[in-house]
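Residue numbers (my numbering), protein chains in the order written: chain Z, 1 to 533; chain B, 1001 to 1533.
Since the hints were made in silico from the structure, they are not lab data.
This structure is a prediction, so every number in the text was calculated from the model and none was measured.
Glycine residues also receive a C-beta, built at the ideal position from the N, C-alpha and C atoms.
Any given hint might turn out to be false.
[Unchecked claim] Cβ-Cβ distance ranges computed for the label pairs, FRET-style:
no., chain 1, residue 1, chain 2, residue 2, range
1, B, GLU1393, Z, GLU504, 32 to 42 angstroms
2, B, SER1262, Z, ARG105, 33 to 43 angstroms
3, B, LYS1071, Z, ALA437, 17 to 27 angstroms
4, B, ALA1345, Z, ASN72, 50 to 60 angstroms
5, B, ALA1026, Z, GLU504, 48 to 58 angstroms
6, B, SER1325, Z, GLU504, 30 to 40 angstroms
7, B, GLU1103, Z, ARG527, 33 to 43 angstroms
8, Z, ASN409, B, ASP1111, 57 to 67 angstroms
9, Z, ARG105, B, GLU1393, 53 to 63 angstroms
10, B, ASN1108, Z, THR136, 17 to 27 angstroms
11, B, GLU1265, Z, ASN409, 40 to 50 angstroms
12, Z, GLU396, B, SER1262, 16 to 26 angstroms
13, Z, GLU410, B, ALA1026, 46 to 56 angstroms
14, B, SER1262, Z, ALA505, 41 to 51 angstroms
[Unchecked claim] If you want the ones that stay clear, here's a sample from chain Z, every Cβ over 12 angstroms from chain B, calculated:
no., residue
15, SER47
16, TRP129
17, LYS335
18, ALA345
19, LEU364
20, THR371
21, THR385
22, GLU412
23, LEU533
2 protein chains.
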Amino acid sequence: MEILDTEIELTGKSIIGYSRANSTGAVLYGREATTGEQLDPPYYSASNGDLQQAVSLATEAFPTYRALSRKNRAEFLRAIAANIEGLGDQLIKRDMQESALPEARARNERDRTCFQLRFFAAIVEEGSWVDARIDTADPNRKPAPRPDVRSMLRPLGPVGIFCASNFPLAFSVAGGDTASALAGGNPVVVNAHFSHPGTAELCGAAIRDAAQKTGMPEGVFSLLFSAGHEIGQALVAHPDIKACGFTGSRRGGLALLKIAQSRPEPIPFFAEMSSVNPVFILPNALKERSDKIASAFHTSLVMGVGQFCTNPGIALLPRDNRGDSFVKAATEKIKSGQPGVMLNAGIFDNYRSLVAARSTDSRLRTICYTTSGQGAAPALFEVSTQAFIKTPELQEEVFGPASLVVRYNEPEELIDVARSLEGNLTAAIHWAAGDEALRDRLAAELESKVGRIIYNGFGTGLEVCQAQVHGGPFPATSDARTTSVGGRAIERFTHLVCWQDAPEASLPEELRNGNPAGIMRMIDGNRTRDAVL
Amino acid sequence: MEILDTEIELTGKSIIGYSRANSTGAVLYGREATTGEQLDPPYYSASNGDLQQAVSLATEAFPTYRALSRKNRAEFLRAIAANIEGLGDQLIKRDMQESALPEARARNERDRTCFQLRFFAAIVEEGSWVDARIDTADPNRKPAPRPDVRSMLRPLGPVGIFCASNFPLAFSVAGGDTASALAGGNPVVVNAHFSHPGTAELCGAAIRDAAQKTGMPEGVFSLLFSAGHEIGQALVAHPDIKACGFTGSRRGGLALLKIAQSRPEPIPFFAEMSSVNPVFILPNALKERSDKIASAFHTSLVMGVGQFCTNPGIALLPRDNRGDSFVKAATEKIKSGQPGVMLNAGIFDNYRSLVAARSTDSRLRTICYTTSGQGAAPALFEVSTQAFIKTPELQEEVFGPASLVVRYNEPEELIDVARSLEGNLTAAIHWAAGDEALRDRLAAELESKVGRIIYNGFGTGLEVCQAQVHGGPFPATSDARTTSVGGRAIERFTHLVCWQDAPEASLPEELRNGNPAGIMRMIDGNRTRDAVL
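With the hints as extra help, turn the sequences into a complete structure.
The structure is reproduced here in structure tokens:
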């Protein structure tokens, strides 16, 4: 890693291919999240002309970028990672200013972002992810000859990416959506989040410089700033954009999803939206290690001021002394902590108004809740399983360190709660010896409700690996066949293409007889790295 | 194969699990397609109560069906195939009556239907299709331990299937959608097509009997008849239906897709809709073998009275003497043939009105077209590339044996035509030595426009195999990442589920340490059939 000697000068301008936009649209400022103070420079909203140019460059770049060798594409991704590391403390500092996230988190997230880029580079180089299949011809078959049929996943075209407020690095300009879309062979046009424009510009410059250095076609990447929603909406609606990736609120995700579905040519819109991540604490687990679970629950709840998609927004506890002790232990931990500064004023306002509403909701008991102070204090509320099941609104996400403790009298009620759930990213089951039957019945229900079931742990702390699933049934995401984290994320920005009786020279490398790509393929139904005989 | 001694008596009643509905709704009759004569028995439209019961049984059956061994599920699919064969000539005869399809086609389609069921049975038994992935734990990793993460595709739940008019067997009650949904572990509720209720009942009884014989939970299959659209719409809207499969018209597909997307919980709606399957005939191919291509074009055009999704609705030919000769040869073949009887009166009326409109369209030249006679006569029209490109309506499917010959002056115009295309299931390129550069440039454009590119052949005659793609960009289908034919069709009715730090006993067989399923998996990024060490 080579740290730049000098800091990059922020320009406040959108990046359109290898140029900067000269937009004079509405101005937006990054803000010191802790104080609300404006940070220089002013950012000018991209114009519709900027958007058109970005998409037009991406469309031109697509055939060239798609045709690059896997090695070249991997080099590009690795160069982005190196450039992001090269930004050194400038990136960390700006990220911390704009997000109020602590330094350790900023550094971890930076490292994860670079890890993801290299992870996808390795997947591209290895190459088997395209699911190459070959069924060989049989000219002598009766009654009709069998043709030669070959197929694989191919890139879709220019992809629009929406940045998340809560991961200024790992789910933003150079985050998982961008990494997987670029890895899959698609140019990207990124819509920066208004909450961290400086961080976005630094990452955008890192990608642009990497693209130039590794000889990518101009237009493989562009970054648009905007103060309002118009540019984002126009990006989804643009006829040459072939798919989008989004991480954010349910309201925002659904509004954009609707645009994607209503286009003359509808496109896939992969939205990762809201989740309350229920935590089921079974009787014997509580008996065995109540304090340990309460402590881990508190850590998960307050981590990043509760601003994780996998934050434990619901916890199921028995209505008995042990449950009471758990609540008491968690409450003491909350009270001994400090309120946290949230990502931006809008998120803080939203959190305050949602917890205030819960504090006056007659169906709930307030366990702990405070309005005092500038930061977001964790809040706990309580409700019975019966009231929870008949009140769907209680499943709405409160983005921040709030959780709803749902108390059960009989373990059987947990099954009813599981059945009543909307789709979620995760659910956790805390169990111990004696809980096995309940644990497995519960998991069988949860399988249809969540993307990931965690045993004796919490959903926060998402591992980036081939098997990871960061997805789940609606409204957790818009497509439960996909994941936005992990190896399979690359499959989202693709479509299936099949070649029948194609001349060898006209086939993509992955489908040629000799298997020059050296990848695992399916030949006449068998998975193999062999050549076609 | 054991042919039944006696014919099955048709009842005219929907099949709800292992019972028959006693509906008294609107009556619908199968009809002798050639004469329009009513065929016994009358079919009674399912009531909303029938639908509720079918979905309720499917929902109850799901956890049991999902948990069956792969062997059991494969046995069920094979038993369906055996039962369909056991129907012998009764099925063939009824199908021919209701569809006017010739005997050879009916027998071929029956054989294909049974082949598909056994094809998916083999895929289920082999088992690797679930994309099982395991990333092993590392308790000593710094700064945080690495969890054990395992994931795979899992069945979704009850699936609604819509039958196609043009494939009374292979895309209907026991067709590819049903086979792939059942293979994937999902109960199905089928909405029969009004055009062939008797054929539907016979296939439905074959599935029900197979389910009983192989000990499947009641509700794994139901079949609903209906005279109108209400039951189909209610099926898509039912909260316990988790996905749908559809093959049919663009209008019908889009109407149902909208219902699927507007539900409180939107669901995947896999629609295979319209396609005009452009055929690009390059200069040297025409020079080398004009008559041969013209003859094959004619065969593809009139096959099944043009009622294939892959029918060649557009043919691109040079505007020169060779092109003229091709048109002449195709026209002579058409004129020497007989009009064909279409699947039903509605389809025939629609064909007649669309070709009549084309015959008076001032932008087109009518090459051959006749209104005389009872059957559908093939029709050819001609247009310039320039007029074609600026008239998007000319890309609308005319379901039947009609084709639009688009004449080019310069080969370069073919690239412009390819760029102007909507999404299609297939495109064909006919080439010979000297055409290579144009062929490959054209294919590069077509890759973004179609699901399958055929070289020196036609899209009709779809091979059922692992590599097949019967899909394509909108409006050919609603999801270009999928296919409705071939091995990957099973992946449609699934979602991703991940288990983190799960006890071995709580995992599906496919994710257990010892690999008892014996399938190819990805372990720590490597594809292998090994156990977890």
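Task: Enumerated hints in conflict with the structure, sorted upward - done: Hints 11 and 16 not satisfied by this model.
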